[in-house]
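*Asks:* If you want the building blocks of each chain, they are given just below.
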Amino acid sequence: MNGFPWLTLIVFLPWAGAALLALLPKLDVRAGRVLALVFSLSTLVVGLALLPSFKHAAAGYAFTEDHAWIAALQVNYHLGLDGLSLVLVLLTGLVAPGALLASWRETRDPRFFHILFLLLQGSALGVFLALNFFLWFIFWELSLVPAFFLIKLWGGAGASRAAYQFIIYTMAGSACMLLGFAAIFAVTGTLDLARLATLAADGTLAAKLAVLGGFWPKAVFLGVFLGLAVKVPLFPFHTWLPAAYAEAPVGVSMFLTGVMSKMGVYGFFRILWPLFPGPLQAASGVLLWLALGGVVLGAFAALRQTDLKRMVAYSSINHVSYCLLALFAVTAATGGVGADGGAAAALSGAVLQMFNHGISAAALFFCIGVLESRSGGRRGRDEFGGVRSAAPVFAGLCGLAMFSSLGLPGLNGFIGEFLIFRGVFALAPWAAAAGCLGLLVTAIFLLTFYQRVFHGPRAGAAAVEFRDLSGRELAVLVPATALMLLLGVLPQILIGLYNPLISFWTAHLP
Amino acid sequence: MSLLPWTIYLSFGGAVLALGAGARSAAAARWIALLTAAAGWGLVLVAAVGFAPAAGLQTVADGAWIPSLGVRYHLAADGISLTLLTLTGLAATAGVLFSWNVEERTGEFFAFYLTLIGGVYGVFLSADALLFFVFYEIAIVPKYFLIANWGSTNREYGAMKLVLYSFAGSALVLAGLLWAYVAAGSHSFDLPDLAAAAMHFSGSEQVKMFALVFLGFAVLAGLFPFHTWAPTGHVAAPTAASMLLAGVVMKLGAYGCLRVALPLFPAGLAFWQPVIAWLAVAGIVYGGLVALVQDDFKFVIGYSSVSHMGFVLLGLAAANARALSGAVLQMFSHGVIAGLLFAVVGRMVYDRMHTRRLDELHARPLYRLLPFAAGTFVFAGLASMGMPGFSGFPAELTILIGVWQTSPAWAAVAALGVLVAAAFTVRVMQLAFFGRGGEGTAPPSSTSLPPITLAEKLGAVLLLGATVVIGLKPDLLLNWITPALQSPFFEAVLKGGGQ
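Same order as they appear, the protein sequences are chains A and B.
According to our numbering, the stretch in the first sequence is residues 13 to 522, in order.
According to our numbering, the stretch in the second sequence is residues 1328 to 1826, in order.
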């Protein structure tokens, strides 16, 4: 099974679908949609097909592909899949088809929409699998382009501005990161992330960077950090996010929050932490505060929104910040944290939270899309009422997604957040205590959302008529909520995939 | 390899033929120009296939010319020349395709055009300083006529400014070269000979000679603050001339710096290095910021060239093997991308919309009216902002890596230029092509724009293909460039400049 380029297949199948659509301009709209969906589903299919041969017990890369590519820069076409990548590939495989189904009725140039969407999906997968910075950065940057056009051309009234802000913020981060890696190559002569991690582990990388002298070694760390922090986004680099998520068409919002925000978090785990253990530890005190800022202020900002999309956008900042809170709590701790299990719980929770948030936030955006589609585009928290009596199935499934998002025990969100808090309490009790405020506020705004929209007498956009879910909508929400229940009861099926990696990480803590 | 001199003769011959044929039939002149340009490019590619990358120049033609002065007709090539010859052939061919609609005095237009191309081939092949200079001047003169006769906005002003700057630069170069020639004992203008003799020049002599020669060439490469000819010249020029001006002629200046100023006067470089580097960095950032606020589409591209050439000059200033190879790669990359951008602005958009004002373009949804132009510009714009997967990325990355080795501060400020480039490219893309001019409200004339011609599509595909191929496989060029930089010719530069 290892001889076959499975990883290349995962990355390039969506792109092949995009190419096919581009080459078939005369294709019927319906056929085009189905074609796009099939290629989008390919990720999940190949990802699941790899599961049986995925070595559950090993921490390293279960699948790798490594071919010489650019001799002058010692760049290899290097892909690798370990537990972390696998979780995110599966997440992409789940979110992307759902997002396509959410924008199923897109009437403005649907072919071009699907081409861009498949390009975006392939780029995200490339980010999760590439192990050479050059290759990784191609995917990282290329993902911006389809995202930019998807927001700009299919978004709401303020989409142009939101898309511009989105791309400029992210490019600013990328420019800093590129500068950092130029320095890394200048001193080490390699861009291979796995090799650099080895160099960093024994201190060689830090020693080589120190040659630059003065403030510059810190600047290199800062550059790479900024590139990732903008993408996540980590507070206070988040200001592009609410507009971008709110203006994007529903399917794109789902992908942005479900998958693209994970690209940044993934970068923290795959690049920043392994390459800069020392500087990250030194900065962790401050970074913990930033992550806490995202957790608490994100939740409070969401509380103040009446536009539901903006509310979920801010809540995404809050939820993604938990992942980083866990990471920074681990890196901030000095010595002996691996033993008591705090670090293992925090890291395990962080990875699980990436997956959980991807599913539940995407589901929430989908539900808002359902509301929009039945009310002529309205999505104000106070513009609906009594939807539950008109559409009980929708109310039930949306409620499940919401409870998953606010961390109700029995649903998946709880396990991830519980593990994070369990770990962070052991490592940095004050941060965990302050973070609880975020949990509380999240419950308040999500319940307010539920109450205003679904309860009470029929009102607003739902006063006269509100259809319950169609077959297509059920096809998205039923599997998503089923997965939330399943992982809430049996989180082990996902944790098992990456647990060896967590053990490996905690064994190598200082 | 011995085919390479024929690129020069072929271009000059084609110029004469086009002039003759143009009197009777414009179509004949066009086809002659296209065949000449394509044949020249073909010659370069055939030579490239048989090229064995090696350190040092490989002579392709050598003969006495003015023996009393020690001037020889010495043509030679290495991987650096070959890279730029490839660029010239490509840009020349694409330029003809984008000039297919020149109706006014077509024969003369292409005669000047091919003379320019011949001069450029000559510069990239010359291994004798005086011969180099002669070809350099041959390339400048046709520019004037192309702009003054076939140009647009402010064409007399633009043409005159360009020529005055170019000649002022040439005068400095000539003065510096003569000084070096006399100081070396007046035996030979041959570049390797001069370089060998120059090793014995005193440091202070080198500092002055370098200043003359480098500055003279750098004017044509758009070194800040001597860049002001570039935007006005680019804007005034007809499309094909803008493409060549930004794509190839600015490279002549950079190539002169690399081939003549650096190897001859390494001590001069060591002295002036910080000044040049900071001017280059200033050009990168300033050019980008000015591009960010232009309201004329073509000026945006004109200033972006200043910004991108700043990366070339920064690479030259950093003067280590990595930075220099990045600079040559960036010369190629920018040549292709700038050509493409000017083609979209000047040919695809301006010739149809008859305006370049961004606010007027924004009033119509151009991406619906001219989807091919919009698509081409999006790809060219991505390449121009250094998006990975296109040639600008490996070039700028290589330069940044090299510059880090010399001075982190230059690299840090230059990286700001990458961001500014993204900002102005996305801005102009939005304004020019993605206007929200409502679908129903567009004036009826907008629905009847002439469609994009086959020649334009072909030209765009050639240039886009080149930037993608080099973006994904920069080795194709770096495998030529890197060995060339290991020649003894560059040894002193790398030792003196690179620290």
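Hint data in this document are derived by calculation from the structure and do not stem from the laboratory.
For every residue, glycine included, the Cβ atom is placed at its ideal position computed from N, Cα and C.
Watch out, some of these pointers could steer you wrong.
Taking beta-carbon pairs under 8 Å as the criterion, some of the chain A residues facing chain B (in silico) [to be verified]:
no.: 1; residue: L102
no.: 2; residue: F149
no.: 3; residue: K164
no.: 4; residue: M183
no.: 5; residue: C188
no.: 6; residue: A222
no.: 7; residue: V223
no.: 8; residue: L498
Result set (DSSO-like, lysine-lysine): computed pairs, CA atoms no more than 30 Å apart in a straight line [stated by the list, open to error]:
no.: 9; chain 1: A; residue 1: K38; chain 2: B; residue 2: K1784
no.: 10; chain 1: B; residue 1: K1800; chain 2: B; residue 2: K1784
no.: 11; chain 1: B; residue 1: K1535; chain 2: B; residue 2: K1822
no.: 12; chain 1: B; residue 1: K1488; chain 2: A; residue 2: K230
no.: 13; chain 1: B; residue 1: K1800; chain 2: A; residue 2: K220
no.: 14; chain 1: B; residue 1: K1822; chain 2: B; residue 2: K1800
no.: 15; chain 1: A; residue 1: K220; chain 2: A; residue 2: K230
no.: 16; chain 1: B; residue 1: K1822; chain 2: A; residue 2: K220
no.: 17; chain 1: B; residue 1: K1784; chain 2: B; residue 2: K1822
*Asks:* Does each hint hold? Answer for all of them.
*Replies:* So, going through the hints one by one against the coordinates:
| no. | hint | verdict |
| --- | --- | --- |
| 1 | L102 | violated, 26 Å |
| 2 | F149 | holds, 5 Å |
| 3 | K164 | holds, 7 Å |
| 4 | M183 | holds, 4 Å |
| 5 | C188 | holds, 7 Å |
| 6 | A222 | violated, 13 Å |
| 7 | V223 | violated, 10 Å |
| 8 | L498 | violated, 38 Å |
| 9 | A:K38 <-> B:K1784 | holds, 20 Å |
| 10 | B:K1800 <-> B:K1784 | holds, 24 Å |
| 11 | B:K1535 <-> B:K1822 | holds, 20 Å |
| 12 | B:K1488 <-> A:K230 | violated, 46 Å |
| 13 | B:K1800 <-> A:K220 | holds, 28 Å |
| 14 | B:K1822 <-> B:K1800 | holds, 29 Å |
| 15 | A:K220 <-> A:K230 | holds, 13 Å |
| 16 | B:K1822 <-> A:K220 | holds, 22 Å |
| 17 | B:K1784 <-> B:K1822 | violated, 46 Å |
This entry does not satisfy hints 1, 6, 7, 8, 12 and 17, going by the numbered hints stated previously.
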